[in-house]
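Construct the complete structure from the given sequences, taking the supplied hints into account.
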Amino acid sequence: MTTDIRSGAVAGKPREALDAVTIRFAGDSGDGMQLTGTQFTSTSAVVGNDIATLPDFPAEIRAPAGSLPGVSGFQLHFSSRDIRTPGDEPDVLVAMNPAALKVNIGDLLEGGMVIVDTDAFTKGNLAKAGYDHNPLDSGELSRYRVFPVNLTTLNANALAETTLSKKERDRCRNLFALGLLYWLFDRPMEKTVRWIQDKFGKRPEVADANLRALRAGFNYADTVELFTTHYTVDRARLEPGTYRSITGNEATALGFIAAAHRAGKTLFYGSYPITPASDILHELSMHKEFGVKTFQAEDEIAAMGSAIGAAFGGAIALTGTSGPGLALKSEAIGLAVMTELPVVIVDVQRGGPSTGLPTKTEQADLLQAFFGRNGECPVPVVAPATPADCFSMALEAVRIATTYMTPVLYLSDGYLANGTEPWRFPTTESLPDLRVEHWTRAEGFMPYLRDQRTLARPWALPGTPGLEHRIGGLEKADITGNVCYDPDNHHHMVSLRAEKVARVAESLPPLEVFGPPTGRVLVVGWGGTHGAITSAVERLREEGLSVSSVHLRYLNPFQKELGEVLGGFDKVLVPEINLGQLRFLLRARYLVDALGYNRVRGKPLKIHELAGHIRSLV
Amino acid sequence: MGMNTDVGGGTATREAPASLSRKDFVSDQEVRWCPGCGDYAILAQVQRVMPTLGIPRENIVFISGIGCSSRFPYYMNTYGFHSIHGRAATLATGLKCARPELSVWVVTGDGDGLSIGGNHLIHALRRNVDLKILLFNNRIYGLTKGQYSPTSEFGKKTKSTPLGSIDYPINPVQVALAAEATFVARSFDRDLNHLAHIVERAAAHKGSAFVEIYQNCNIFNDHAFEHFTEKDVRDDRTVYLEHGKPLVFGRGGDKGIRLRGLHPEVVALGDGGSTEELLVHDERARDASLAYLLSHLDYPEYPIPLGVFRAIQRPTLETMMQTQVDQAVQKGGPRDLDALLRGRETWTVDA
Ligand code: SF4
Numbered sequence: 001m002t003t004d005i006r007s008g009a010v011a012g013k014p015r016e017a018l019d020a021v022t023i024r025f026a027g028d029s030g031d032g033m034q035l036t037g038t039q040f041t042s043t044s045a046v047v048g049n050d051i052a053t054l055p056d057f058p059a060e061i062r063a064p065a066g067s068l069p070g071v072s073g074f075q076l077h078f079s080s081r082d083i084r085t086p087g088d089e090p091d092v093l094v095a096m097n098p099a100a101l102k103v104n105i106g107d108l109l110e111g112g113m114v115i116v117d118t119d120a121f122t123k124g125n126l127a128k129a130g131y132d133h134n135p136l137d138s139g140e141l142s143r144y145r146v147f148p149v150n151l152t153t154l155n156a157n158a159l160a161e162t163t164l165s166k167k168e169r170d171r172c173r174n175l176f177a178l179g180l181l182y183w184l185f186d187r188p189m190e191k192t193v194r195w196i197q198d199k200f201g202k203r204p205e206v207a208d209a210n211l212r213a214l215r216a217g218f219n220y221a222d223t224v225e226l227f228t229t230h231y232t233v234d235r236a237r238l239e240p241g242t243y244r245s246i247t248g249n250e251a252t253a254l255g256f257i258a259a260a261h262r263a264g265k266t267l268f269y270g271s272y273p274i275t276p277a278s279d280i281l282h283e284l285s286m287h288k289e290f291g292v293k294t295f296q297a298e299d300e301i302a303a304m305g306s307a308i309g310a311a312f313g314g315a316i317a318l319t320g321t322s323g324p325g326l327a328l329k330s331e332a333i334g335l336a337v338m339t340e341l342p343v344v345i346v347d348v349q350r351g352g353p354s355t356g357l358p359t360k361t362e363q364a365d366l367l368q369a370f371f372g373r374n375g376e377c378p379v380p381v382v383a384p385a386t387p388a389d390c391f392s393m394a395l396e397a398v399r400i401a402t403t404y405m406t407p408v409l410y411l412s413d414g415y416l417a418n419g420t421e422p423w424r425f426p427t428t429e430s431l432p433d434l435r436v437e438h439w440t441r442a443e444g445f446m447p448y449l450r451d452q453r454t455l456a457r458p459w460a461l462p463g464t465p466g467l468e469h470r471i472g473g474l475e476k477a478d479i480t481g482n483v484c485y486d487p488d489n490h491h492h493m494v495s496l497r498a499e500k501v502a503r504v505a506e507s508l509p510p511l512e513v514f515g516p517p518t519g520r521v522l523v524v525g526w527g528g529t530h531g532a533i534t535s536a537v538e539r540l541r542e543e544g545l546s547v548s549s550v551h552l553r554y555l556n557p558f559q560k561e562l563g564e565v566l567g568g569f570d571k572v573l574v575p576e577i578n579l580g581q582l583r584f585l586l587r588a589r590y591l592v593d594a595l596g597y598n599r600v601r602g603k604p605l606k607i608h609e610l611a612g613h614i615r616s617l618v
Numbered sequence: 001m002g003m004n005t006d007v008g009g010g011t012a013t014r015e016a017p018a019s020l021s022r023k024d025f026v027s028d029q030e031v032r033w034c035p036g037c038g039d040y041a042i043l044a045q046v047q048r049v050m051p052t053l054g055i056p057r058e059n060i061v062f063i064s065g066i067g068c069s070s071r072f073p074y075y076m077n078t079y080g081f082h083s084i085h086g087r088a089a090t091l092a093t094g095l096k097c098a099r100p101e102l103s104v105w106v107v108t109g110d111g112d113g114l115s116i117g118g119n120h121l122i123h124a125l126r127r128n129v130d131l132k133i134l135l136f137n138n139r140i141y142g143l144t145k146g147q148y149s150p151t152s153e154f155g156k157k158t159k160s161t162p163l164g165s166i167d168y169p170i171n172p173v174q175v176a177l178a179a180e181a182t183f184v185a186r187s188f189d190r191d192l193n194h195l196a197h198i199v200e201r202a203a204a205h206k207g208s209a210f211v212e213i214y215q216n217c218n219i220f221n222d223h224a225f226e227h228f229t230e231k232d233v234r235d236d237r238t239v240y241l242e243h244g245k246p247l248v249f250g251r252g253g254d255k256g257i258r259l260r261g262l263h264p265e266v267v268a269l270g271d272g273g274s275t276e277e278l279l280v281h282d283e284r285a286r287d288a289s290l291a292y293l294l295s296h297l298d299y300p301e302y303p304i305p306l307g308v309f310r311a312i313q314r315p316t317l318e319t320m321m322q323t324q325v326d327q328a329v330q331k332g333g334p335r336d337l338d339a340l341l342r343g344r345e346t347w348t349v350d351a
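From first to last, the protein sequence lines are chains A and B. Numbering of the first sequence is given in my numbering, commencing with residue 1 and proceeding in unit increments. Numbering of the second sequence is given in my numbering, commencing with residue 1 and proceeding in unit increments.
Since the hints were made in silico from the structure, they are not lab data. Certain hints may be false.
[Unchecked claim] Restraint ranges, calculated between C-beta atoms of paired labels, are given here:
1) Leu-143/B / His-492/A: 20 to 28 Å
2) Gly-343/B / Glu-60/A: 26 to 34 Å
3) Asp-338/B / Val-436/A: 17 to 25 Å
4) Val-193/A / Pro-315/B: 39 to 47 Å
5) Val-436/A / Gly-343/B: 54 to 62 Å
6) Asp-338/B / Glu-190/A: 20 to 28 Å
7) Thr-355/A / Leu-143/B: 33 to 41 Å
8) Leu-496/A / Arg-342/B: 37 to 45 Å
9) Ser-616/A / Gly-343/B: 42 to 50 Å
10) Glu-301/B / His-492/A: 54 to 62 Å
11) Gly-130/A / Pro-315/B: 54 to 62 Å
12) Gly-332/B / Gly-567/A: 47 to 55 Å
13) Glu-60/A / Pro-315/B: 32 to 40 Å
14) Leu-496/A / Gly-343/B: 39 to 47 Å
Don't be surprised by glycine CBs; every beta carbon is placed ideally from N, CA and C.
Rendered as structure tokens:
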């Protein structure tokens, strides 16, 4: 078995097995690259590969055709091994035009394959991409294996008998490319065939054209001499069980539906459209059969306000946004802290500050989540580590919110949100029981009484006779909840709210160390960098180096074991896609001389770069 | 949830409430408005009307923002939420969507509802969420001690406008009409029966009900409305709108309003004069043009209209939201979470 695509292409050997392949599909925003990538992904998942994806699209919906800013990409890593990231460098680049080639060629592995649509390399397109020559003829691609295909023409010929217009025919190019790749990597077409029939059921002529394009691409690759080899990637040896593939945003939505279901309550989602969180709104609005109520608010503040209102009414209340929206919600989050109501705020982080890089990933809202409100305003913070983990952490966020009567911040990011991985989905009965007991007795009721263990106040719902009470943003007297300006009471309440959040630690699972519990270097991460960090650490341990890692899914409060774990290593390294926000917190909290590894490029960390850095520390 | 008698969104659960009285709606909190403030009269009228609505006390929720008026919920012995500046309508919307059977009231002011919270007010009204929104308009910022508000007159001298305000004021009724609110009314703090009547009408309306209440702030903007609310001038300077009736006003009903083209004009009715050619109020007109025209009437050229400008029926947000959920449940059969988690496509990895 070869493990590297570069050693392939041996004449006369029709099939060759590979461990893992990373493909990047790149084209114009209008070329359907996201769709092509998604289809290849689901097919690969269904044949049993482990998968990880990285969609990378421009913020502009349709930047000028053929221009560099208009390039949309989709990277897919599929493997017969257990993988955790979408791959550092693509082995294969599919470039539908010169701009796509120019933007992506620098990332390609040396010796990697480039499949280009030569028809798109016109003078005009070359100029739009800033080429004053044709790179296909200049020899500058000699480090790669270039496969020129006159894809537009071939596709048009294949569809000559259809009734579609030229424009509509050309729109099927991506399916031709997909067919070609299906042959090259020995994938079955059935899944995509079904998908096309489903999607274009109402327009049979379009369905027919897409199917023709797909098959034509496959057959073309099979018959012409261009590709002498095709590759197979075996099923991955994942944990036994039944799997589906899932993106982070889907998993987030399903997690909250499941949480509300296990709580026996209505899920209310108030949200304002924002990239990259909107898909959560779309997903939830499709599942009204679970009693989900979605409300597209007039702005971010209204979304947060509506969630607080729903929480007051006893719903599982949720709002979702990205960094700029979180900033707008700050004051209202403070109100939820003061009134001690369970609301979950999802922040799918993106590049900032301000509008920043809306479609790129970043981890720079951590300190905002911690501190971005007026007053002493503690809020528990959780962060999923992988796309599928978004599901589990949604349940955790709801558990913490309703057990401790507090708003909870849930920090996802653009990479997790749009990334895909296989998910061994749980059964309903294996999920935690999240039922809530509401206070109903009028006798002895006070709105700010405390549960001795959790310090939660009673969740008393409007509609309950005898519990009529008033809450609000003014400081509360302990127990009675009346408005109170007493200095000592204020100090007491400020401390009490902090202590309540600190006590969440009592309910958290123990912190797991990946690798030995003591040693030379401990790598500490959080959020979407899990895959890159774990893979880098694993690689270094295979080299015999003393490196372990912990990945924090609970950020406020930290798990109780963290201080001790940090103390067990000579050096602590904190890789983050920000300038050192977790590092800042760890240094402040544990007085540990933590080092940073910070790359704020709007992209996931690369395993080999990170591994190189850790190696230099050992 | 038992029987469902829709009384302007407050659903009577179980049996009708056993004879509640005004006192049942008075909370144990000491009222802290300045002595003489118009808010007292409004509070008293709301407390008077509540027991007559047939809504169990526990199903009533008052939600406010920030400002003098927004202290209101503390004084009502119902469920209450004193939220943050301008955002009461957002909490109320979330609550009403989650719990359609509750009777949800919003208390706001001219600064809270039309300045910092203007956006939310517009959107709550256009969505026709079944909320009762009482906007206390005193044309000043009271709680922050006397700056001009979005309803302050042009040229007004206040702490923040020593040379006079150079902002043109906004008209709350016009904002509500422009947002296509289904119920729009105006009253004031000195005609207690009228105020109680308008609050009752708002409560009975199914859908967003917007009530502007002129309220005197005797500390920072005293006499703001006296020129038409004082008893001796009130008849001549205000006109009470009544559905289906001609617009008659003045002492002894001696004046009326008629339309010349699109221009209203005041006419003297003389001795038992005919009201035939007078403008007849139609609060149920689908099109808000007439209501909008009336909202422009202002002293001194015209009398100031009080009463219900508009009252039409249209499905409410929370009802439609619930209907979509109910229909999805009916269509989708019993909720099968396992099926949802499984999704469309799965594959199995053998041991
Ligand atoms: S400042 Fe004015 S509005 Fe506020 S309580 Fe005093 S009198 Fe009433």
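Checklist entry - Out of the numbered hints, which ones does the structure contradict? => result 5
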